[in-house]
Each structure stands twice: as C-alpha cells, then as structure tokens.
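A.B. asks: Residues per chain, in single letters:
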Amino acid sequence: MKNSLLKGLMVFLTMLCTSLTYSQDVSGTVSDPSGPLPGATILVKGTTNGTQTDLEGKFTIRNVGPNAVLIFSYIGLKTQEINVAGKKTVNVILKEDSAELKEVVVIGYGSVKKKDATGAVESVKAESFNKGVTTSPEQLLQGKSAGVQVTQASGEPGGSNTVKIRGTSSIRAGSEPLYVVDGVPIGGGSVSAGTTDVGVGSQTARNPLNFINPSDIASMDILKDASATAIYGSRGANGVIIITTKKGSKGQGQLVVNTSYTVAKIAKDYDLLTAAEFKAANPGADFGSNVNAFGAILRTALTKQVDAAYSGGGENGTYRYSMGYIDQEGIIKNTGLTKYNLGASITQNMFDNKLKFEGNVKTSLIHDKATSLSDNVGAEGDLFVSAIKWNPTRPFFNSDGSYVKISNNQRNPMDLLDRYTDFTNTARILGNMSLTYSIAKGLDYKIGLGVDYSNSNRNVAMSKLLGIDPATSNEGIAVKSYVERSNYLVEQTLNYTADITNELKLNAIGGYSFQKFSNQGNTFIGTGFGQYTDQKYYLKNMTAATDYAISGGFAQTAYFDPSNKLQSYFGRAILTYSDKYIFSAVLRRDGSSKFGSSNKYGTFPALSVAWKIIEESFAPKIFSDLKFRAGWGITGNQEFPAGAASTLVKPVEGVPTISNIGNPDLKWEQTAQYSAGLDFGLLENRLTGSIDYYKKVTSDPLLQIPVADPSLYATKWANLPNTEITSQGLEIGLNYKLVDKDKFSWDLGGNIAFNKGKIKGLIADGYPTGIVTGTISGQGLSGTIAQGHFDGQSTYTFNLLQFTGFDSNGMSTYKDLNDDGQITDADRTFSGSANPKFNVGLNTSLRYKNWDFVASGYGAYGQKIYNNTENALFVRGLLTAGNNVPAYVLNSDEATTGNSNGASTRFLKSGDFFRLSNVQLGYTFQGGEKTFAPWIKSVRVYVTGQNLFVITPYNGLDPEVNSNKQYNGIPSLGIDYATYPKSRSFAFGLNVNL
Amino acid sequence: MKKNILILAGVVLALSSFSLSEELNDSITKEASNQILGADQAIESAYLQLRSFQSNDNQLMLQEHPSDEMAGPTRGADWDDNGTWRALHLHTWTPDNARILSSWEQLYKGLAFALDAQSFSGITASQKAQAVFLQSLYTFYITDIFGQVSMREPGESVSNLPSKNLSRTEAIDYAIQILEGELSNLPSGTAATSDIANKNAGNALLAKMYLNRAVYKATDADGKPQVGPYTFPSADMDKVITYCDAAMSGRTLQTNYFENFGPTNGEVSSELIFTAKNTNTQGGDIHRLSVMSMHYSQTPSGWNGFVTLTDLYNKFESQDTRLTASVPGFTDQHGVKAGILVGPQYDQNGNAILKRDSPGQLSFSQDFSLTNSTEEKGMRVVKYLPDYTNLTRANNDFVFLRLGDVMLMKAEALARKGNTADALVIVNTLRVKRGATSLTSLTLSNILDERARELYWEGHRRQDQIRFGTFNAAVQGRSTVSDAHVLIFPIPLAKLAANPNLVQNPGY
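Taken in order, these protein sequences are the chains called X and D. Numbering-wise (this note's numbering), the first sequence opens with residue 1 and increments by one. Numbering-wise (this note's numbering), the second sequence opens with residue 1 and increments by one.
Hints in this document: simulated from the structure, not taken from any laboratory. Any given hint might turn out to be false.
As the list claims (entries may be wrong) - Below 25 angstroms or equal to it, Euclidean Cα-Cα: the simulated SDA-like pairs (lysine to any residue) are:
{"#": "1", "chain 1": "X", "residue 1": "K405", "chain 2": "D", "residue 2": "D347"}
{"#": "2", "chain 1": "D", "residue 1": "K30", "chain 2": "X", "residue 2": "N290"}
{"#": "3", "chain 1": "D", "residue 1": "K109", "chain 2": "X", "residue 2": "N968"}
{"#": "4", "chain 1": "D", "residue 1": "K164", "chain 2": "X", "residue 2": "A708"}
{"#": "5", "chain 1": "X", "residue 1": "K650", "chain 2": "D", "residue 2": "D347"}
{"#": "6", "chain 1": "D", "residue 1": "K109", "chain 2": "X", "residue 2": "D307"}
{"#": "7", "chain 1": "X", "residue 1": "K695", "chain 2": "X", "residue 2": "P605"}
{"#": "8", "chain 1": "D", "residue 1": "K30", "chain 2": "X", "residue 2": "Y559"}
{"#": "9", "chain 1": "X", "residue 1": "K304", "chain 2": "X", "residue 2": "I217"}
{"#": "10", "chain 1": "D", "residue 1": "K30", "chain 2": "X", "residue 2": "D307"}
{"#": "11", "chain 1": "D", "residue 1": "K109", "chain 2": "X", "residue 2": "T715"}
{"#": "12", "chain 1": "D", "residue 1": "K355", "chain 2": "X", "residue 2": "N502"}
{"#": "13", "chain 1": "X", "residue 1": "K446", "chain 2": "D", "residue 2": "D96"}
{"#": "14", "chain 1": "X", "residue 1": "K600", "chain 2": "D", "residue 2": "N185"}
{"#": "15", "chain 1": "D", "residue 1": "K355", "chain 2": "X", "residue 2": "F396"}
{"#": "16", "chain 1": "D", "residue 1": "K355", "chain 2": "X", "residue 2": "A275"}
{"#": "17", "chain 1": "D", "residue 1": "K355", "chain 2": "X", "residue 2": "P605"}
{"#": "18", "chain 1": "X", "residue 1": "K446", "chain 2": "D", "residue 2": "S17"}
{"#": "19", "chain 1": "X", "residue 1": "K650", "chain 2": "D", "residue 2": "T29"}
{"#": "20", "chain 1": "X", "residue 1": "K247", "chain 2": "X", "residue 2": "D307"}
{"#": "21", "chain 1": "D", "residue 1": "K377", "chain 2": "X", "residue 2": "P605"}
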C-alpha cells in the first residue's frame, strides 16, 4: 500500500506519455477466490502502461490497443495474461500461486522466494513440524531437512539436543549452529546452571532453547551453506537456524486454543534379572526379598498442555497474543518440567505507511524438576546406576520401615529418590522492536533493538539422612546456583530495491550491528544442617547450615565472564537478470572483543549464483521447475570463551588464580564452503526436490593448547595452523504429491544426507596421538578415554583395544597388534566413528475429507555407539559382586570373577537405527453458519503416538544418544552412559478455532 | 525531508560506534594483580602448590608404582583404569600415560609459581631464598623423573619458549647451585615450622641432590640414562655428610613412628624437616593416600586399590614398629591399624570385617595378580592415618623430608666412602628407636633395605632403587628385567608439541 502514491504518480506520467497515440479505455474488476482484490497490478504487455486496482478491486486503464494483452499480477497469486480483443470490460479472478512457487525463505536480514534463492536454504513451516510433546524447537526439525542432524541426547524432559548442520567443523565446544529468534541472534551456551558435584556426579544444564513455545513458531529456516550464512560472518560456520514466530494477519480476530493430554511410558526396558533368576545365579547374595529397583524409579508419566493465541489485524497493523502452559512429567520419578509462556507481537504502519513499527516480546518461566542423574558418575552411582545394579533380592526397607543402607557404592534408590531434591527455575525474556522508515521508493531504513535476558536458579539438596559421604553430607548439603545472562543488540539496515532496467533487478542491503553478551553467576553451598533432616527445608533456609564448604572446595563461588562484544558491518546485493540469472554477493566484517589485539576484525565474503534453467526455451519439457545453484563463501566460528585472548588472574579466597594465558593472535575459526545444487520439479511440480553437494574446509581450528612450561597455567587458546577439518556430503530431498485432489491428498516426502568428515594436519600441529575425548565412567574405568580426533581419520573416531572374545578361563582377550606379547595402549586402533555415514528422514501426510494423518520417521546409519553403561555395569564379575545385570550377561562365557572390564571394542556397537518418531490422526469438524456451533470456525481432535518403534541392532536402551563425556573441554559423540531412557507416548488433543 | 535525513543521520551515527574494548569483569590482568598483591601472597601461592605432591595421581605414583613396594592390581570390573597402574608396575608406560602427564604438569606448575614469586620487586631476602628453595626442589624432581629441564628466568614471558633448556647433567648442578647461593638467607626453624623452607630443609635437600648427583651425571649426551653401578665422587659424599649434619640439627627421632604421619604430625613430630601444611579448614586430598589402599568395608570406606609387595613385607622383622601398629585413638575407635595390613581384618570391636563380593571375612593375602585379582588380594598400607574429625580435609601434613631419611642419607654417604663403621652406628640408632634389632655389619644393600622399611610409600623408592641399581630387576608382579630407558620417564607428547626445544627421551 505504501507504494500506491508513487505508483499513482507513475501511472499519471505514463498516461501523459501515451494518451497521444491511443484512445480506448478498458475497465473491470480483479478478484481472488475470496473476493475483490485491491492493489493488483495491471500492465499492458510490452509497454510501461499500467495501473492498480482500487479498494473495491476495480480498475480502469486507458489507451489500450484493441489487440493488446493485459498482464494481471499480485504477489502470491498466479499471473494471468488476457487478450483484450476489443472488449471494454475485463473481469479476472486470479488463482493462488502454487505453494512451491510462492514459498518464501528467510535468509537473514530479509527473505527471498524459495524459487529465487541462490544458497542452500530450507524453510520448515509449522504445519510440517514433528507432532507430539516437544519442549524445545530443534526437536520440531528432527528428520525434516537433509543435512540437519538433530540428536536427542536423552529422554529427559528439557534435556539437551545436539544439532549438526552438514557435519562437524569444530573440535572444541561451540559447534552448534547460530540461532536467530525474530532477528535477535541468541548467544551460545546454557542459560541455566549445571550442578556442583555433591557426591553423585555433576549434572548438565538444561536445553537453552526451551524458552520458546513450539506452538508460537511460524517457521524455522535453515541456512546450510556459506553463501547463505556469510551474512552472519564470524558466527555462521556451523549453519544458522532462523526462528520466526507467528504474527497476526489482517482480518477479524481469531482465537485458537490447543490442548492435549499425553501418557508416556519407557519405550524399552533392560531385561534385568528377576529375584528368582538372580537367586539362581548368585545364591550367596540372596537376601530373600523380591524387588524391581529399576521399575521402582520409573512411572507412567502424564503431560498436560494448553496454549491459546488471539490474533488479527486491521488496515494499519496486526497483533498476536499468545500464552502457553505445559506440565510434563518425566518417566523417572521426581523429574519433569513445567513451563509458562506469554508472548505478544504487533505491527503498526504509521504516517501514511512511511513508518512501520514491529515489536515482539516472548517471556517464559520454566520449572525443571530433576533427580540424582549424572553423565559422569563413577563407582558411587546416581539414581539410575543405583537402581540398575540393585540386588533384586534385597529389600528397600528394614523391618522398622527405615531405608536399607548398604554403602556409598550401593545406595538405596528409594532413599536417594526421597532424600535428594533438585529443581531449577529459569525466567527468560526476549524482546525486539524495530522501526522501518521508507525514505523513498525502494529505499528503506530500519533500526532494530533486541534484548535477551535470562535468570536461572538451580537448587540441589541432600538430606543428612542420605549419608552419602560421612564427612560431609551426613550433615546434609544444599547448593544454590544462580546464572544470569543477557545480551542486547542494536542494528541498523538500509535496504534498496530497484528495477535498474526492465531485465535487471537489484535488491541490496547494507547494515551495522552491535551486540553485547554478559554472563555471570554464583554458587552458594551450605552443609551441617544439624538436627534438620528435610532437604527441601535446607533450600528454604540456607542459614540453617552450620558450615559453608564442602571437601576441597569453597562455600561460595562466583563468576562474571569477561565481556563479549561484537561489532559488525555487512552488506548483500542480489542482482536478477531476466528472471533467469541471479547473482548474490555478501560481505560481513566482524570485530569482536574476544579476538586478540592483532586480529580485531575479520572479513567474511560469499558469492553465489542461480540459473533458472526452466525459464530457458531449451529447458527439457519433462521439468516443471529447474534451477541450478552454486556458491562459495567464508564464514567463521567464534564460540570460544570471552577473555581467551588475555592472561587472566582471578583472585579466589585471596589467592590469585591464573585461569588463562593470553594470546594476542587469537582469532575465529575459518570455514570455506563450496556448494552446488539443483532444485527441480516434475509432473507439474507434483514431484519436487533438491540435490546438493558441498565441501566445507575449516582451517585455524581453535583449541586450548599447552603452553611451554614452566607456566603458571598449562594452556592457552590458539588456532592450530596446520589442522584442517573437511566435511563433504550429498543431500537429496524429495517430495511427491501422490494425490492432490480437493477432498483427498497424499504427500510423501523423504530426505537422505551423506556426510564424510575428516581431520588432517594434527601431527604437524603436535598431536601425533590425536586430540582425545570420551571419558569412560564407572568403577575401575578411571582415566579411560575411548575417542578422539586423529590425523587422517574421521572426526569422533573410537580408538580401542580389539576384543577377540573370552579365553577358556573366561578372560577377555584382545588383538596384540604390535606382537610384543603384551596388551598395552599400543594395541589400540581406530575402530570406527560416531558420525553417521548417512541420515534419513521420511514423512507422509494424508488428508481425506475431514480426516488428516501424518507420520514422520528418521534414522541414521553407519555410526558406532560406545555402550559405557554395559561397560560399567553389565559384566559377569559384577553379578558375582552382588549387582543385578541383564539376563544376557548370564549367557556369556565371561569368568564369574576376576575378568577386567577394561574398555575395548567389546562395548562398541553399531548405532544404526530408524525411528518412527510420530504419527498423528486428526478429524476436523467445520463450524460456522448453518452448523451446530455457529460461533466456532472449526474444531479438530487428534491422537498422536510418539516414538512408536525403533529398528536397531543396538543392545542398549536407545541408539540415539549422546552422553556428555567431554574431556578437557573437547566434546565427545556417541557414548551412552546411564542415559535417561526415552519414552513411548500417546496423546489426545483438541484444537479449537474461534 | 532534509530535516528528517539530518535526524536520521544523527541516529545512525550515534548508534554505530561502540567500543570493542574487552572488559575482564571477574578477572584482572597479571600486571594489575602483581600491583595489588605483594610478594607475601606470591610466596604463599608457591607454598600452596606443594599440596599437589600428596595426590594419588601425581609424581608420588611415579616414584612408587614402578618400585618394589607398590602395585595397582585390576580387580575384575574394578581398577582397570585403562591399564595405567599396570603399565607403571610393568615398566611398559608410554608417553601418553595419564599419570606421567599429570606429574609433569604438577611439577612444572609448581616451578612456575616458585619463579613467579621471585619476580616480585618487594620480595625480602628470606622470601627470595624460600622461593629459590622451591625452584630447586621442583628442578630436582623434574631432573629425577624426566631428565631434561625447561627453565625460565623469574618474570620471563610465557609467550616465548623458555630461555633455558638444561640437560640432565646441567640441571642437577643448576638446582644445587641456586640453592647453595641462597642457603644462608633461608630462615631458621623447628620441626613445628617445617612447612616453611628453613635452613634444615635447605641442607636436607642439598644432601639429597648431592647423594643422587652421580646418577644424573651418568646420562649420555643424547639423554640416555646409564644403568649403574654409579661412581659416587668422594667430594659429593662429603657434601652429603656436611649437609646432613646441618639438616639434623635440632631434630630428634619421634618415639612413636606413626605419629610422623598422624593428623597432628605437624604439631607433635620432632623429626620433620620439610612438609606441606594441611588444616581441617584448608587442606588438600591427603586422605586419598590411605583410602586408595583400604578396603570398601573398612572405616573410612576405601577404594580397595593399591597393594604393597612381599619384596617390602619380607624385609621386616616382626617386632619392627614400622611394620604395623595399633594406634590408640584409631585402631580402638575405628578398627584400622597403621602400617602394612595383612591377613584377617577386624573392626574396632574385634568383629570380622566381611568381604563384599563373596561370603567370609576380609583377609588381605600376600599374593595378587596385576590383571585379575579378587577383592581381598594384596597387602594394604595405611601410612597417613585417617583424620576422623574431617576425613576428606585432613589435618595431616605431607612429609617431604624428615630426620629418618636424612640419617640414612648420611649413613649411605659414609658407607659409599668406605666408612661402614660410622654408618652402622647411625643405622642401628634408627633401628633401635624403631624396635628392630641392631645389625652387626653393614652393606649398601642393608642401607637400601633400611630405607625401604623406614620410608615406604613416602615417594622415595624409585629414586633409591635406581641409585642402588635394583630398579630394573624383577619384583612381585613383574617377572622380567626392564630396559635401561625406563630409568627416566618419557616427555608427554603434548609437552613436546608445546616446546620444540624438548627432545623425547631415548627409548620412547
């Protein structure tokens, strides 16, 4: 609308120019299927003579030749050409453009039509999201896009996920994609506190993306290649996921209410020995009772969810208000998550559409309940480990009703459940506002401000009655950890769109942004709660403590990380010639306070082209759409800790503690990516798809490297000069509309992504035996490292002794690779990688009359999983020692005692799997006039099944797993240790549309 | 329009020039830190580093596991620990052994703090001498374990490679020379202040360095250590005797041997010469040195780990008070005895302590297998008695140097000079005090055995065995004679990468 004045002016001028030669007027009405269409464009073909429809959809166009052809067009509708043929009145109904052609993808600081995109970008809209209970947005994408691998690390509500776009390009932490929510880039890292190890291992923080209510999300756009991500410069190397929340649309207010009720149970249980079986196998350890300890910590979990949104809009603006509530129980007792969301978004046009205001606020409050579950617990055992190994003939209770207590290495799981409390409250607010000023036709200035603030409190307490360690927690312990994170963003852009000639169009943007991140927190510990035994009370009154320290630690720790500021200048120009050739160039210059003094600014360029072959006359007739894309770009990764370039001294209890050695040359990791792709449509776009090939090369990877001793601190952050990480792959996505009728439609979609990652140059950088990670936990396994990045190998390669079975005495035997007669570390060898060779996703959706049905599944093949749970708990000697084990342990040839459980390929398994992740069946009752409920637009009821089956050879609970087994800050991949089990769930839900 | 553009230009400019300067927030720069904190704090920090010696992960393990008095057997699904302990006992360690890396880091970090303290301008002569003592101590340990030593000047930037790379033969002379230069500036002190590097400590350390100097001098130009027998220069031995005499002044043997290691050893022992201080409010993990060996069912519950060898156990006469002892306040209260634990175990009330994995009383056997032992295999050692007032933050001070050691060093020096008569007197003085019978004659081998009895599990054994030439010989748990190259440990790979001037020790 804002251009109507200018357009009017142009029409007027055009009329002046053309009135001398023609005299016939043509008028009429333009509509779309729902009624008259204001603002549609009418142009006389081959001339500049044109006009627009008025508010009633009417138009009059002068000076039209008797055989002229009129072109009717409107954004989002199919353009029509009509020969006037002497008529004075022409009425047209414009039909909707096919969905594929009008699909828009967000590319960062703007959006383009998917058909005009030059880079590998994919938009996943709300209707294609995974169904069922999800607490965090990345789960919505699982299996939906080729090359986007989302791994749900465990079944814990609110637990973390691993997201990799096009493989691995970093070896240290911080290799997650950049998330941009409504234009605000979110800082990496967790917003909530992990726990201090109070005797049951330390626990990981919650998923930082949980704060977004999945039902507020309109689309998630994934920028995969560098030509697309370069606009995010030093943060674009791992891909970018742009989350756009739902906005109101013009029209009468609309209220949507969704509610669902979900029941979940453990999807696969361990086949642990029953009391009778245990007694038969180990009669010496029979205590006469009959319990199922693992079963006793599990439950059938219920999830209640309600959300509501009211949205609409008038002539000058739109609004949407939303609220959400979810109360999700975990299948392990005492775990779960309660979340409250409130959101508002408005847009308003002002001053004759010269000025546009947009604002979004999203707030959330999350209450996470946890219990004693840890990724790294050793011999002492957390709740999971304690329950798994609990002797099933041992009662939980003494005859006087008190808990049976055994030792620090075999806790009573009931005791632990009862006397351990862990909950976290996290509040987060994300707001952004922008003003767009239309300076002249095609030239817009926009200023945006964004704020992201979160505040999280974790509370952990153990009763003195638990008696985990006689020295400390016999007295009770309570820990409160507080984390506050914030970031603010100031951003200005100038956007220019112009038709330079009839054939050549330009869309350019230039911008400046400044973003500052802060991170601080503290932990407060109280012990010695005297006569008070209720650990929940400890958390309500920390002053009841008599002591404020635990072994070897301090009562109070606090941190305020060095600042992290990013100042950027960026620009992008997209030139389209003849609607066939599209050329895009991007340049971003990032300056960061984190970079060393000799590398304050980095420059990140990208170039890409697209050739719409379908527009060529020689395009093969079989295609209904065909586009070739190619691009190159350089992006960076700067997710290393703030302050890493400086030597830091932090006084702790008066003692100056060196925490880093400075490196003025420190800079971002650099990734160059080449990519090429083909988008195609066949059978009138009933079959559409893309094929993409890419190669990424990351150089100067960041790592904490040793400093030449003697040095007050052992390491500094540096870029490895010779090491390169390459990741290359092929991605294919297909979608086929088997049936596309009004009353019946059936879509089938699938994707497959092959990826091969390799690291080289480590030897030249002084790592002849690799950079290792993957700490194996459990009794007798201290110091065991199973995985690493090795020169010339795939990333995350396991390096293990080769298990060759048991000898006649039931002792483990291994390959003596160097034939020295001994089995030592030298006999370890590369045993496969945790990276899948390929990932697949399959989706189908079916609609028949008022019925709808969707099913989605995904899988991964070729990866190895290290079963640390089995390594630590399921060996024959532990049954002899009085632990419970799964039944299969009884059938092994392993000696009943004395055989070492040393790490080897004995515990390395194939992680291949395919999961039917969700299935939903729905029925919609149409409301409206002449129905039973005229005030209702529609009501939809549905049932959803989540995680219905997994096809896998893996012998653990679930092959989709990623326990945090990092070593020296290097993340691991594909290790399963005491992982929170995944559930299978069924939901009943209702959507009401008023 | 013009006005609008001007306003716009103002907004654009105002919001497009932010500072990128780094705010360190909770941290400060090293320069600022040095200005705020004086030399007192720097010395204190350097002393705090000494606690790293009492870890069951660091150099103490390198000095004990490869010797004839400690081993870490794998017990079924317990204590495999990636074969780390086994490799140490079998002398098959490789440069990526985790304990070798942590020992290197422990020693060099301590050295760095000793150097840093010396760079403070306000340092007193006494503080400077103490810092040099610590520098010398770390240099000595690094020379002993790793051969070559990287050295920096106080205040030298870590952005550059270390300015000095000392070969093993240079390093021992360097360590001696810097300490001799500062010996007179060290403060005087008593056994009760043995946590401060006083003159006794300086003398004792010098004696130890001269005693071992011949071993380090017997290193080839390429760094290859020579197997003994070593030639101990008479001049060195004279120095040992002189320094031992000075170190012994003011110290007397403690009547109750295990009081040297009890929770109040820093307060009650009269024979301590140099220690690392621990208190119940601020202390390290010294309790691990006993729980690493004790059984799960003992009090406090142990980790059922390391054992001692018959090679040590069989050296004792049964009446020797160092072998085992019931200690009042410990054994009667908690059941645990001090010294070597062998045979059936009882609690404080005389009731049998039960095994965990199988029925029956816990009884520590003399035999064990490195690869597959059951829970009761192997004799255990409790030397640092648990501090039951605060088990995990014990008050026991960690002993580096004490009179028993210094007496035996002097006896050894005398014996190496041929004066076995005077040496025998010293050895017998010690033996009688410890409840053993007097020897009638003395050989060097007797002195090595006496050092085992007096100093077992205190972190001297590997060094002693090398000096006496028995290190490579077979012991319980290792039936083969090992190669000469294992006399020094390899340089961890990561450290080689960090400093190209380091050359991997021969044989690795």
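A.B. asks: If you check each hint against the structure, which ones fail?
C.D. replies: 2, 5, 6, 10, 12, 13, 14, 17 and 21
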